[in-house]
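Start from chain A and add chain B according to the hints.
Listed below, chain by chain, are the residues.
2 protein chains.
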Amino acid sequence: MQKIRSGTVAALLLGSILSPFPAAAAPSSSETIREAALQDIVAWDFVEGLTTEVGARPAGTPQEARARDWTVAKLKSLGFANVRAEPYKMPVWLRGRDEARVVAPFPQRLVLAALGNSASTSEKGIEAELAYFPTLAALEAAPDGSLKGKIAFVSHAMSATQDGSSYGYFGATRRQGPSIASKKGAVAILIRSIGTDHHRQAHSGIQMWADGAKPIPAAALSIPDADQLTRIIARGHPVRLQVTLTSRLLKDQPSGNVIAEIPGNDPAAGLVMAACHLDSWDQGTGAIDDASGCGIIAAAAVHAAKAGPLRRTIRILMAGAEEVGGDGGRAYFTAHGAELHALVMESDFGADRVWRVDYKLPAGHEALAARLSAALAPLGIARSHVAAGGGSDIEPLVKAGIPVIDLQQDGTRYFDIHHTPDDTLDKVDRVQLQQNVSAWAVALFETANAQESLGIK
Amino acid sequence: MQKIRSGTVAALLLGSILSPFPAAAAPSSSETIREAALQDIVAWDFVEGLTTEVGARPAGTPQEARARDWTVAKLKSLGFANVRAEPYKMPVWLRGRDEARVVAPFPQRLVLAALGNSASTSEKGIEAELAYFPTLAALEAAPDGSLKGKIAFVSHAMSATQDGSSYGYFGATRRQGPSIASKKGAVAILIRSIGTDHHRQAHSGIQMWADGAKPIPAAALSIPDADQLTRIIARGHPVRLQVTLTSRLLKDQPSGNVIAEIPGNDPAAGLVMAACHLDSWDQGTGAIDDASGCGIIAAAAVHAAKAGPLRRTIRILMAGAEEVGGDGGRAYFTAHGAELHALVMESDFGADRVWRVDYKLPAGHEALAARLSAALAPLGIARSHVAAGGGSDIEPLVKAGIPVIDLQQDGTRYFDIHHTPDDTLDKVDRVQLQQNVSAWAVALFETANAQESLGIK
Numbered sequence: 001m002q003k004i005r006s007g008t009v010a011a012l013l014l015g016s017i018l019s020p021f022p023a024a025a026a027p028s029s030s031e032t033i034r035e036a037a038l039q040d041i042v043a044w045d046f047v048e049g050l051t052t053e054v055g056a057r058p059a060g061t062p063q064e065a066r067a068r069d070w071t072v073a074k075l076k077s078l079g080f081a082n083v084r085a086e087p088y089k090m091p092v093w094l095r096g097r098d099e100a101r102v103v104a105p106f107p108q109r110l111v112l113a114a115l116g117n118s119a120s121t122s123e124k125g126i127e128a129e130l131a132y133f134p135t136l137a138a139l140e141a142a143p144d145g146s147l148k149g150k151i152a153f154v155s156h157a158m159s160a161t162q163d164g165s166s167y168g169y170f171g172a173t174r175r176q177g178p179s180i181a182s183k184k185g186a187v188a189i190l191i192r193s194i195g196t197d198h199h200r201q202a203h204s205g206i207q208m209w210a211d212g213a214k215p216i217p218a219a220a221l222s223i224p225d226a227d228q229l230t231r232i233i234a235r236g237h238p239v240r241l242q243v244t245l246t247s248r249l250l251k252d253q254p255s256g257n258v259i260a261e262i263p264g265n266d267p268a269a270g271l272v273m274a275a276c277h278l279d280s281w282d283q284g285t286g287a288i289d290d291a292s293g294c295g296i297i298a299a300a301a302v303h304a305a306k307a308g309p310l311r312r313t314i315r316i317l318m319a320g321a322e323e324v325g326g327d328g329g330r331a332y333f334t335a336h337g338a339e340l341h342a343l344v345m346e347s348d349f350g351a352d353r354v355w356r357v358d359y360k361l362p363a364g365h366e367a368l369a370a371r372l373s374a375a376l377a378p379l380g381i382a383r384s385h386v387a388a389g390g391g392s393d394i395e396p397l398v399k400a401g402i403p404v405i406d407l408q409q410d411g412t413r414y415f416d417i418h419h420t421p422d423d424t425l426d427k428v429d430r431v432q433l434q435q436n437v438s439a440w441a442v443a444l445f446e447t448a449n450a451q452e453s454l455g456i457k
Numbered sequence: 001m002q003k004i005r006s007g008t009v010a011a012l013l014l015g016s017i018l019s020p021f022p023a024a025a026a027p028s029s030s031e032t033i034r035e036a037a038l039q040d041i042v043a044w045d046f047v048e049g050l051t052t053e054v055g056a057r058p059a060g061t062p063q064e065a066r067a068r069d070w071t072v073a074k075l076k077s078l079g080f081a082n083v084r085a086e087p088y089k090m091p092v093w094l095r096g097r098d099e100a101r102v103v104a105p106f107p108q109r110l111v112l113a114a115l116g117n118s119a120s121t122s123e124k125g126i127e128a129e130l131a132y133f134p135t136l137a138a139l140e141a142a143p144d145g146s147l148k149g150k151i152a153f154v155s156h157a158m159s160a161t162q163d164g165s166s167y168g169y170f171g172a173t174r175r176q177g178p179s180i181a182s183k184k185g186a187v188a189i190l191i192r193s194i195g196t197d198h199h200r201q202a203h204s205g206i207q208m209w210a211d212g213a214k215p216i217p218a219a220a221l222s223i224p225d226a227d228q229l230t231r232i233i234a235r236g237h238p239v240r241l242q243v244t245l246t247s248r249l250l251k252d253q254p255s256g257n258v259i260a261e262i263p264g265n266d267p268a269a270g271l272v273m274a275a276c277h278l279d280s281w282d283q284g285t286g287a288i289d290d291a292s293g294c295g296i297i298a299a300a301a302v303h304a305a306k307a308g309p310l311r312r313t314i315r316i317l318m319a320g321a322e323e324v325g326g327d328g329g330r331a332y333f334t335a336h337g338a339e340l341h342a343l344v345m346e347s348d349f350g351a352d353r354v355w356r357v358d359y360k361l362p363a364g365h366e367a368l369a370a371r372l373s374a375a376l377a378p379l380g381i382a383r384s385h386v387a388a389g390g391g392s393d394i395e396p397l398v399k400a401g402i403p404v405i406d407l408q409q410d411g412t413r414y415f416d417i418h419h420t421p422d423d424t425l426d427k428v429d430r431v432q433l434q435q436n437v438s439a440w441a442v443a444l445f446e447t448a449n450a451q452e453s454l455g456i457k
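Residue numbers (UniProt numbering), protein chains in the order written: chain A, 1 to 457; chain B, 1 to 457.
Hints are computed from structural coordinates only; laboratory data are not their basis.
In this text, a Cβ means the ideal position worked out from N, Cα and C, and glycines have one as well.
Among the hints, a few may not be true.
[To be verified] Pairs of lysine-lysine, DSS-like flavour, derived with a Cα cap of 30 Å:
#1 A:K214 <-> A:K89
#2 B:K124 <-> A:K124
#3 A:K251 <-> B:K124
#4 B:K251 <-> A:K124
#5 A:K457 <-> A:K399
#6 A:K251 <-> A:K89
#7 B:K183 <-> B:K124
#8 B:K457 <-> B:K399
#9 B:K214 <-> B:K183
[As the list claims (entries may be wrong)] If we take Cβ atoms under 10 Å as the criterion, some of the chain B residues that face chain A in the derived model are:
#10 T51
#11 T52
#12 A56
#13 R200
#14 I223
#15 G284
Next up, chain A with everything else stripped away, as it sits in the complex (with noise of 0.2 Å):
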């Protein structure tokens, strides 16, 4: 039995020497702060620290009230100010068994996830025969009630995007196929998975029951297995799958968003707010969705807390239950929505390096979005052209009015990883996760301290 070196080092010795942040006597310029936080430590320690000693936090369970303690040690560690978890409650759908197998023409087992509110087969599962749509749009052509006793399954074709869009796209067959299939008659509904990767392991992911839709069992299948489905059902042959899904529901369990500040001095500026969320899917262990974006923001506000005053507020928001609906970011709303929020952003989209920089901000803010993205320039990062919309976690502040800047991260490879077992600390890259901390640092530094009025009447 031996010992090997402990982790953990850097983040004790980062507490004491981060804690009250000192502030240097005049504020930094972003070159400063940019370039210091390229060599950042913190996001790293804290994505470490998060996947390694809670692992997977599913919204609403123990495991998520776990990530709540760590994190609001970790925050007052840090040397944040008003470190605190905010509770509320929520229904919860937890996971089974999920297994899967075709009986005939060829006997074999296929590898898949259940869908985030999918109904419960019995322990001895279903069968029946399989209906095969190879798009969302061939399932909605069905004639209603032609899908009577049988297993949907709907494939497609998603592939990567730096931007992300194809998820949107695609991912309605996600979304809306259970309720569409439920609809026709279906028993059950398999899907390949949202994701573009090829690796034998399924995506899993919300999906909300359309009104007037009874709840089936519904599952994701990994890709390689729909696609070995598809093969299969080319042969022309009826094709009869197993399938046993076991899933449970609990009523009001108890989640809540954790809520850390570096104060401002000049509190009718109103917040900055950067947010990100702590509850992950199951299967992995949220590395990159979304330890990392926590990571990030918090390591971004102590680069810009120790750069100098600060005239703003900047308030971390790291919420709960994003994955199952966002009732972490209505929570918030509900809770501080009346509060003066100068602008909004939000790091939920992995741990790769930011490629673009959008902006929704007040008319009269062009000097402001030209200074910053200067500022975000060396660092590879391109002005757009495109309103920045932000995530789910500050959508109810968007939606209101407030402005946003998001930082767009390259999405090329998080659809290969995205809601797996496979979203593990491993696929984190340091040197990309130090170029999002700077990032977020300059954005963060120039907003907070903009003599622009931002979302401030």
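Using the frame of chain A, we list chain B on its own:
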């Protein structure tokens, strides 16, 4: 419900075109064969068919029996002569549930797969403290009895090698680790998967209990899980694990080899035999291990047969039960070892390109080696001065002194996939598969027609 195009048309046409092989009026040159085989469709059709219509083929199971039936029919349709299955019986180990979780200090699930011949836990599993060893040498150095009541965990650091040699070295952890841990009193052993990937899939594989070692539960963690456990151990707290590995042992189950031939016209010149194995591990569909090898040798024999009359008979051995100890290869040697084998070769290292050719030929065969090497060179294959060693299925013949040639495949990514659920059709590159067929067709043609005596006294 829509039909998609059938992939079997080519196979059906092929059978009628190629059977019986329309021999050229005069023997073709190696160049003609090499170029024709680079357009091969037989190997892909074989691999696609076997992995789709049978899937996983664990030794001694009904799936392996279906694979024999499928293969006999396929080889007959390709025009081979003397196609038959040759049965034998063997003991079988069958996987049950593979589950593990960290109980303390950081509760979370781990992904693992039992190793072949692992003892079974009860349905409730076992819980014990972990004893960590970074290397097999560290486990070997532990005092006798020091592991009493503990679960041993052995990590190590396998990295990819083009020639696959790191498997021999690091694979010792899987082959010997369980027996060593058992003899020192461990209640179970976990190893870091013998693999080079970063996916959440465990690499299975066989291990044999040494004399005097009591079977204990033995499993491989996926590499991200082994890394995670190592990080958890690094925190310095005692680590407790719960491990459930259920399995069954069956006696005297049916297995078998499939044999087929392309008859030559000089029986006294002996056989040239090409081998692969039909069985696979249970987690994947055995596309690279070893449907590809079987597809390559079958396709290459077809191309050699088309090229012209052959002096020597080419025999194809598609062995059973390679993965679990080589029962098929031994059964073949018992039945056929006394027949005249001029040369043996095996394809069992995936589907990636051949990069090197190794020889072990009797004295006086330098001209043949030079001729064959020159014919292979345009495929990017370099002659080595390493002695050829063959593979498991021909090991008894090689040990008996039969000459052997190895067409070494690139193993750089082989152990990313080997013995995992990821061993599926999408991992086979069609162009690299064709390069294999081309190299093998040339090698079979040159050796079957060689005027040299090879292994025939």
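So, going through the hints one by one against the coordinates:
no.: 1; hint: A:K214 <-> A:K89; verdict: holds (25 Å)
no.: 2; hint: B:K124 <-> A:K124; verdict: holds (20 Å)
no.: 3; hint: A:K251 <-> B:K124; verdict: holds (29 Å)
no.: 4; hint: B:K251 <-> A:K124; verdict: holds (29 Å)
no.: 5; hint: A:K457 <-> A:K399; verdict: holds (17 Å)
no.: 6; hint: A:K251 <-> A:K89; verdict: holds (8 Å)
no.: 7; hint: B:K183 <-> B:K124; verdict: holds (24 Å)
no.: 8; hint: B:K457 <-> B:K399; verdict: holds (17 Å)
no.: 9; hint: B:K214 <-> B:K183; verdict: holds (7 Å)
no.: 10; hint: T51; verdict: holds (8 Å)
no.: 11; hint: T52; verdict: holds (5 Å)
no.: 12; hint: A56; verdict: holds (6 Å)
no.: 13; hint: R200; verdict: holds (4 Å)
no.: 14; hint: I223; verdict: holds (8 Å)
no.: 15; hint: G284; verdict: holds (7 Å)
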